[in-house]
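Per the working numbering, the sequence shown runs over residues 1 to 1007.
If you're looking for bench data, these hints aren't it; they were derived computationally from the structure. Fair warning: there could be bad hints in the mix.
Here are the simulated SDA-like cross-link-like pairs (lysine to any residue), alpha carbons at most 25 Å apart as the crow flies [to be verified]:
1) LYS817 x ASP544
2) LYS817 x VAL881
3) LYS308 x ASP426
4) LYS271 x GLU351
5) LYS308 x LEU427
6) LYS243 x ALA109
7) LYS308 x PRO320
8) LYS243 x ALA502
9) LYS308 x LYS243
10) LYS308 x ALA375
11) LYS271 x ASP350
12) LYS271 x ASP340
13) LYS816 x HIS880
Listed next, with one range per pair, are the computed distances between beta-carbon atoms [unchecked claim]:
14) ARG97 x PHE298: 50 to 58 Å
15) PRO535 x GLU499: 41 to 49 Å
16) SER711 x ARG595: 24 to 32 Å
17) ARG355 x GLU424: 30 to 38 Å
18) ARG130 x GLU297: 25 to 33 Å
19) ASP177 x SER922: 31 to 39 Å
20) GLY225 x GLU372: 34 to 42 Å
21) GLY244 x GLU26: 44 to 52 Å
22) ILE98 x ARG628: 34 to 42 Å
23) GLY225 x GLY104: 42 to 50 Å
24) ALA527 x GLU312: 54 to 62 Å
For glycine and all other residues, C-beta sits at the position ideal for the given N, C-alpha and C.
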Amino acid sequence: MTAAPVTAYPVISRLRGSGVEVDASERRTSEYAYDASNYRVRPLAVVFPRTVDDVVATVRACADTRTPVVSRGGGTSMAGNAVGSGVVVDFSRHMNRILEIDPGAGTVAVEPGVVLATLTREVEAATGQRLTFAPDPSSKNRATVGGAIGNDACGNHSVRYGRTSDHTVEIDVVTTDGARLTATATGLCATDPDDRASVLRADELSGELRALAREYLAAFRLELGRIPRQVSGYHLQNLLPEKGFHVARALVGSEGTCALVVGARMRLVPKPASALLVCLGYDTVVDAARDVTTILEFSPAAVEGTDKAIVETMRWRRGPDSVTGLPEGNAWLFVDLDGDTREAVAGQADELLARLGGNGRLVEGIAVADPEGRANLWRVREDGAGLSSRLATGGESWPGWEDSAVAPENLADYLAELRTLLGEYDLDGVMYGHFGAGCMHIRITFDLRTERGREVYREFTRDAARLVVRHGGSLSGEHGDGRARSALLPLMYSPEVLEAFAVFRRAWDPEGLLNPGSIVDPAPIDAHLALEGVPDRQWRTSFDLQPVGAAKTARESGRDAQPDPWVHAVQGCIGVGRCRADGGGVMCPSFRATRDEKDSTRGRARVLQDMVRGAATVAEGWRSQDAREALDLCLSCKACATDCPAGVDMATYKSEFFDHYYAHRIRPRSHYSLGWLPRWLGIAGRIAPLVNAVLATPLGGPAARLGGLTSHRALPRFARSGQWRREVDDAARSAPRTGVPSQRPGVLAPAGAHVADAPGGLDVVLFVDTFTRGFRPEVAGAAARVLAGAGDAVECSADVCCGLTWISTGQLRTAKKLLTRAAAALDDGSERPIVVVEPSCAAALRKDLPELVPTEQARRVARRVTSFAAYVASWAGERHVAPPAAPVPRRAVVQTHCHEYSVFGPATQRRALAVAGVAEVSEANGCCGVAGNFGFEAEHYDVSMLVAETSLAPALRAAAPDTAVLTDGFSCAMQVGHVDPGARGLHIAQILDPGPAATGPQPSGTA
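Can you make the complete structure from the sequences, with help from the hints?
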């Protein structure tokens, strides 16, 4: 049956007629069909309100047409309470202002779409670091205030500061009849006293709520508010007389089922003067939980925990250096202590360690005072949800029973019995969470793709619910009940309390239009599962996307237990939404520029997930226009492969999709001009003076447009074909010796020598890539001199290409041929490092080579590849480096190179500058915006400049005049010169160059 066109739905016409920003396209509804839970429900449309009037118009249109309404902030719900079948209202895009910070009253007024981390940052800046906003869930850099109110979110420091409800002063809401009400600490009133209809509605609703509190008074006192993290159900104990009829707090945690939050006044708290992290190692999470009561005696600000599965996965995905400083153990607690002075906090830490040592369970404990060290360790805990979804062992884990809570003193016994229950069902659980508050986030190895697996999910979850209730706990500790747990509430509450919940909801929303399926009248917990119903088909790919451990799993189970590798890859996104963060890491530059879900890694992944689900055939899927549109602004920066906790690699998925989408089709012109760049460089290099002269004339603009390029950028100046050879030959003749005794003095092989013909025993292969040969040949000479000056014997190779430009434009047949040839040429039987000048080319050889050419030869070569900066960074404290000819700059701005960041580590360039002796380093942590071909393409120029404004441009404006700018990537150097013509982008080799010119190397310039 063919679905009706969106214009057939009356609510769409009503919304458009009212002037509300609404999008009912199939691509948009795919993006919003998911949150961070196990569920998928496609909405009719998504609304992006700008004002409260837009919200009123939306709910009235939906009420008149009996269309469900779902409120949404960052879309990070793990319980499925941010998806629904009607109209989704996304407050995060426009209604995200901080309206007033009042330090005297200790409050802040906000719109619901404000991101929690942004609110905290702005409050601390406005109050001179005296006050802060306390709730800090791990998703705080993308979760919103409205979402925190909806779920009653808590966070890492809830031991000290409690839940969002504890910080809620007043909430402004809109009900389904269009009334604008304000819930306060003592009741309910019209937001505008002159709004007669809202005044009457407030009076009516207040009477119903008071009657509810009187009728169910005993049940509320006996069953609600028993433990710190009892978030399941409605928080109706706040309507009791002893709570002052606090309607605002009664609404917190209602999951958008009563009204739409359009504003709030929130309480601020003092920010501690000094803080210190105590990291504690244990054999098991149960041992760690048994020490929690002792730790709580020290009034910590946070007591968080994680197990070894998350640590192992983080090291596997991001490298062994991504987790350092952990004490010995298999499970860890992170305890934040704070106070007025460092000395007092340190003394408290010593006393805590002594007490825990006496308990006999602690394996090792350390105190971490350094802020950077604390931040790095906290990141292990904060990325837990995503990291635990795809484990180093190759397994998968899912939410569903990820938010149970008990009293802290009961936590150890609960976890011990829960582990036994997991074993009975042959399941594993990855455990992390808020140990100090008794709330555990446990992701479990459910098989949600098969009917038998879903049956296990149903049965286990019911047994787990009975278990937590037996321990006096709650089904949810901060994520809410949503679609995941609402149907289980009868196991936790009496029929009387459940009846009260229904009465409370009907009082606010008589027709049941707001977020139906949550708390009251829920669907079964296995309805609308996202992994159910995905066709089992083979999607042939050029990239080897076979998941880790898949073969072993298949052997053990006797069947193909994993889905098709392409399906498995695009399903890697579980919706945690870190790609929507505006800071920390590099991902996702396009979202940071546009603030549109479409341009986030998550949005793209969701469209691809619907592609493999909904396409009639594989061939039709590869021609999906929705997927093409979603991928259009992906810069292929590769940052998501590192920054995404789930390891989503959208650059690879885009390349693969484009390869199929454009098969037997005319491609964009830039795919021929820039995608085939190495071929054109071979021609242009022979007549470089003529080409440069022509491009410098008025003909340069039309020539750029003919190639699909923007005319707003100056094209790079082409180097002569043999110029790089002369640079390296000069380096061979003039490279200084270090004077360090060596069995094999530094040697440079003849420029251009094929690696197979080189004499044995050389230390390093210097790979001179296409970009360096064609545009920055002087960098090749500098790199050769630096390596030789450090005592390395250097051989230069420039006979092969990494295929980068073909990869980024999705021309994978050619890319595979080039990479196969490169692997054969570079596989010389040695283990010599292959040092690549251009970081993007190094990343292609390290990562893309073994995935596109999955042979042992390719893997051998890839293991040897390193970027120049990574190789220099490895010298720290171990190598004598020849002094640079030009003075080393005292300060530098680093334009983080996305590919280097992703493949060779986030701190690579900073560590290389430390070797060079640069004292002050500031980092532009974000993509430069050019990203290979992207920023040169005419249709992407504007976005490329918006991307530059997120990090690079502000860093350049703030830099002192004598600040060096490190741009190891050619694209980065081009963007620096475009954004600030007075700035010089330098490669680290140019900063370290020991000669020959005292004035330092000169850039090639632009035409």
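Hint check:
no.: 1; hint: LYS817 x ASP544; result: 15 Å, holds
no.: 2; hint: LYS817 x VAL881; result: 38 Å, violated
no.: 3; hint: LYS308 x ASP426; result: 19 Å, holds
no.: 4; hint: LYS271 x GLU351; result: 23 Å, holds
no.: 5; hint: LYS308 x LEU427; result: 17 Å, holds
no.: 6; hint: LYS243 x ALA109; result: 23 Å, holds
no.: 7; hint: LYS308 x PRO320; result: 14 Å, holds
no.: 8; hint: LYS243 x ALA502; result: 21 Å, holds
no.: 9; hint: LYS308 x LYS243; result: 42 Å, violated
no.: 10; hint: LYS308 x ALA375; result: 19 Å, holds
no.: 11; hint: LYS271 x ASP350; result: 23 Å, holds
no.: 12; hint: LYS271 x ASP340; result: 10 Å, holds
no.: 13; hint: LYS816 x HIS880; result: 39 Å, violated
no.: 14; hint: ARG97 x PHE298: 50 to 58 Å; result: 39 Å, violated
no.: 15; hint: PRO535 x GLU499: 41 to 49 Å; result: 43 Å, holds
no.: 16; hint: SER711 x ARG595: 24 to 32 Å; result: 28 Å, holds
no.: 17; hint: ARG355 x GLU424: 30 to 38 Å; result: 36 Å, holds
no.: 18; hint: ARG130 x GLU297: 25 to 33 Å; result: 28 Å, holds
no.: 19; hint: ASP177 x SER922: 31 to 39 Å; result: 53 Å, violated
no.: 20; hint: GLY225 x GLU372: 34 to 42 Å; result: 39 Å, holds
no.: 21; hint: GLY244 x GLU26: 44 to 52 Å; result: 49 Å, holds
no.: 22; hint: ILE98 x ARG628: 34 to 42 Å; result: 37 Å, holds
no.: 23; hint: GLY225 x GLY104: 42 to 50 Å; result: 31 Å, violated
no.: 24; hint: ALA527 x GLU312: 54 to 62 Å; result: 34 Å, violated
Violated hints for the displayed structure, listed by number in ascending order: 2, 9, 13, 14, 19, 23 and 24.
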